[in-house]
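These are the residues of each chain, in order.
There are 2 protein chains.
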Amino acid sequence: MNVAHAAPVLLTALSDFPLVRPGDDLAELVAAAVGHSGLLPADGDVLVIAQKVVSKAEGRIVELASVTPSARAIAVAAAVQKDPRLVELILSESRRIVRQRPNVLIVEHRLGFVMANAGVDQSNVGPADGVERALLLPEDPDRSAEALRACLQRKFGVRIAVIINDSFGRAWRRGTVGVALGAAGLPALLDKRGDPDLFGRTLQATMIGYADEVAAAASMVQGQADEGLPVVLVRGLRWSAPTLPASALIRPEAEDMFR
Amino acid sequence: MNVAHAAPVLLTALSDFPLVRPGDDLAELVAAAVGHSGLLPADGDVLVIAQKVVSKAEGRIVELASVTPSARAIAVAAAVQKDPRLVELILSESRRIVRQRPNVLIVEHRLGFVMANAGVDQSNVGPADGVERALLLPEDPDRSAEALRACLQRKFGVRIAVIINDSFGRAWRRGTVGVALGAAGLPALLDKRGDPDLFGRTLQATMIGYADEVAAAASMVQGQADEGLPVVLVRGLRWSAPTLPASALIRPEAEDMFR
Chain R
631 MNVAHAAPVL LTALSDFPLV RPGDDLAELV AAAVGHSGLL PADGDVLVIA
681 QKVVSKAEGR IVELASVTPS ARAIAVAAAV QKDPRLVELI LSESRRIVRQ
731 RPNVLIVEHR LGFVMANAGV DQSNVGPADG VERALLLPED PDRSAEALRA
781 CLQRKFGVRI AVIINDSFGR AWRRGTVGVA LGAAGLPALL DKRGDPDLFG
831 RTLQATMIGY ADEVAAAASM VQGQADEGLP VVLVRGLRWS APTLPASALI
881 RPEAEDMFR
Chain H
631 MNVAHAAPVL LTALSDFPLV RPGDDLAELV AAAVGHSGLL PADGDVLVIA
681 QKVVSKAEGR IVELASVTPS ARAIAVAAAV QKDPRLVELI LSESRRIVRQ
731 RPNVLIVEHR LGFVMANAGV DQSNVGPADG VERALLLPED PDRSAEALRA
781 CLQRKFGVRI AVIINDSFGR AWRRGTVGVA LGAAGLPALL DKRGDPDLFG
831 RTLQATMIGY ADEVAAAASM VQGQADEGLP VVLVRGLRWS APTLPASALI
881 RPEAEDMFR
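Protein chains in written order, with my numbering: chain R, 631 to 889; chain H, 631 to 889.
Next comes chain R alone, as it looks inside the complex (with noise of 0.2 angstroms):
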């Protein structure tokens, strides 16, 4: 068994966090709102930071009037009834595109997520101004969740992991529910493949969307319409896996059936 609990886990939105602009040390933001919070980090903490706070402190803001769409771009706009500017952001993030109609445009993005849009948002992206922008994932969400770790490990003294996540829709049920574009210090994907059973069976083929469960958990607390709430503070979680990234949650192609 890779994961076990009966200690109490505690998820602690940190409140009060500032509107984050580009070039924003996103490390200090979240040791600040740490601090105000008023709880001591402590070994195997997990901080769960929403995309799109990090998206903006790393500048991932778009000027839509910026934006020449190009003639795939109109032609993908008309049928799914988007600004081509947007869609021309999104093709210009994404491999390909999976799934269209109206209102719908589901890609494979650059990174290997099959999700709505590549990721691409104009809601909370501010300020109100006039101006619209589009914000995009992270370049490397792995990435930025290692250095965002090994920043906060610095200040704070102590081993912790980080989690970068945002809100993926489902194939077969409706509802977004959140999940780890980035991870760092924790094993993403939990493989149990082998272990026995309560009773000594075998078990067949498990493994398990760690990360993706600590978004979720994460995502619950932090409310969607309010950017006023992107970090939660995960406490009492213990595992024994080795660390994997997020990017191995991401299902290599030749697995995939439904692409």
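Simulated from the structure, these hints should not be mistaken for lab results. All C-beta atoms in this analysis are idealised placements derived from N, C-alpha and C, irrespective of residue type, glycine included. Treat the hints loosely; a few may be bogus.
To be verified - Sample of chain R residues at the chain H side, in silico, Cβ under 10 angstroms:
id	residue
1	Thr642
2	Pro699
3	Ala705
4	Ala709
5	Val728
6	Arg729
7	Phe743
8	Ala801
9	Val809
10	Val851
11	Leu863
12	Gly866
13	Pro882
14	Met887
Stated by the list, open to error - Quick list of simulated restraints, FRET-style, between CB atoms:
id	chain 1	residue 1	chain 2	residue 2	range
15	R	Glu885	H	Val788	41 to 47 angstroms
16	R	Gly668	H	Trp869	40 to 46 angstroms
17	R	Gly665	H	Glu883	49 to 55 angstroms
18	R	Arg740	H	Pro882	29 to 35 angstroms
19	H	Val761	R	Ala780	30 to 36 angstroms
20	R	Ala708	H	Gly689	55 to 61 angstroms
21	R	Gly787	H	Ser722	22 to 28 angstroms
22	H	Gly653	R	Glu885	38 to 44 angstroms
23	R	Gln730	H	Ala705	31 to 37 angstroms
24	H	Arg868	R	Pro648	34 to 40 angstroms
Based on the hints, put chain H in the right spot on chain R.
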């Protein structure tokens, strides 16, 4: 905003939960485990209960020796390299096969879940007496959740919610995550369409699989190879949206682009 938190959310897996047998009074066992935990039930607590113990208490155990596979089950079993009796059970619990491959049989369960093996499982069914058994999903998990909720509310004298969770694979991501098969007393799906964002921009298409996020959070602490921690008490969640059962999380076929 329907959900927000500054106060922490606490996830406690109830320890020393007994092995469940057909006919057991599961509400009584859960109430006893809550009692042993030292936690006093409070308004708004959510009890997440693993599907396996609900199925066992409801007697959804089948001895494979009692199953006579149909010609279709024998043919499918040969293609997917599974026991024809197990495939017979899977097909009898399903509306249709969605994908099949050696070692993979993804179906639409009679309740609409698109899932592997219709949830029919041979692990942890015990006892280790050489008799091969399989466990089916509850007949109606939303009804089971509502019945457990009614019993537990009577015992506790407070308003609680109940989720019955299971672990599902995903089309494009590796590893399983917890999902809500059944739910009572909370909004399984949160519809935030039309809410304003931080900067006054109307959110376009945000529905949140809230009960799935709670189910994943519980799964994170349940441990997957061990039946010893099937019940998790979640304390501190707050919601103001209307109650919806877990069936609201099933994407209607008309919306489905991947079946």
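For each hint, the structure was consulted:
The closest approach between the C-beta of Thr642(R) and any C-beta of chain H is roughly 4 angstroms, which is under the 10 angstroms cut-off, so the hint is satisfied. Residue-level restraint check for Pro699(R) is violated (minimum Cβ-Cβ distance to chain H is 20 angstroms; threshold 10 angstroms). Among the interface hints, the one on Ala705(R) is violated; its C-beta lies about 20 angstroms from the nearest C-beta in chain H, farther than the 10 angstroms criterion. Evaluation of the Ala709(R) hint against chain H yields a violated restraint, the C-beta minimum of about 14 angstroms exceeding 10 angstroms.
Among the interface hints, the one on Val728(R) holds; its C-beta lies about 9 angstroms from the nearest C-beta in chain H, closer than the 10 angstroms criterion. Of the supplied interface hints, the one on Arg729(R) holds, with its beta-carbon coming within about 5 angstroms of a beta-carbon of chain H, less than 10 angstroms. Here the hint on Phe743(R) is kept, as its CB sits about 8 angstroms from the closest CB of chain H, short of 10 angstroms. With its C-beta approaching chain H no nearer than about 4 angstroms, Ala801(R) sits inside the 10 angstroms limit, and its interface hint holds.
Look at Val809(R): its Cβ gets to within about 7 angstroms of chain H, closer than 10 angstroms, so that hint holds up. Because the smallest distance between the Cβ of Val851(R) and any Cβ of chain H comes to about 4 angstroms, under 10 angstroms, the interface hint for this residue holds. Nearest Cβ of chain H to the Cβ of Leu863(R): about 9 angstroms, under the 10 angstroms cut. The hint holds. The interface hint given for Gly866(R) holds, since its Cβ lies 8 angstroms from the closest Cβ of chain H, which is under the 10 angstroms cut-off.
Contact between Pro882(R) and chain H, as hinted, is supported at the beta carbon level, the nearest pair being about 8 angstroms apart and thus within 10 angstroms. For Met887(R), the interface hint holds, since its Cβ comes within 10 angstroms of a Cβ in chain H; the closest pair sits about 5 angstroms apart. Checked against the hint of 41 to 47 angstroms, the C-beta distance between Glu885(R) and Val788(H) comes to roughly 45 angstroms, which is consistent with it. Taken as a hint, the range 40 to 46 angstroms is violated for the pair Gly668(R) and Trp869(H), whose Cβ atoms sit roughly 26 angstroms apart.
Separated by about 50 angstroms at the C-beta atoms, Gly665(R) and Glu883(H) satisfy the suggested range of 49 to 55 angstroms. Look at Arg740(R) against Pro882(H): about 31 angstroms separates their beta carbons, and that is inside 29 to 35 angstroms. The beta-carbon spacing between Val761(H) and Ala780(R), approximately 53 angstroms, falls outside the hinted interval of 30 to 36 angstroms. In this structure the supplied range 55 to 61 angstroms holds for Ala708(R) paired with Gly689(H), their Cβ-Cβ distance being about 56 angstroms.
A beta carbon spacing of about 58 angstroms between Gly787(R) and Ser722(H) contradicts the range 22 to 28 angstroms that was offered as a hint. The beta-carbon spacing between Gly653(H) and Glu885(R), approximately 41 angstroms, falls within the hinted interval of 38 to 44 angstroms. For Gln730(R) paired with Ala705(H), a C-beta distance near 36 angstroms keeps the hint of 31 to 37 angstroms intact. The supplied range of 34 to 40 angstroms is broken by Arg868(H) and Pro648(R), whose beta-carbon atoms lie about 24 angstroms from each other.
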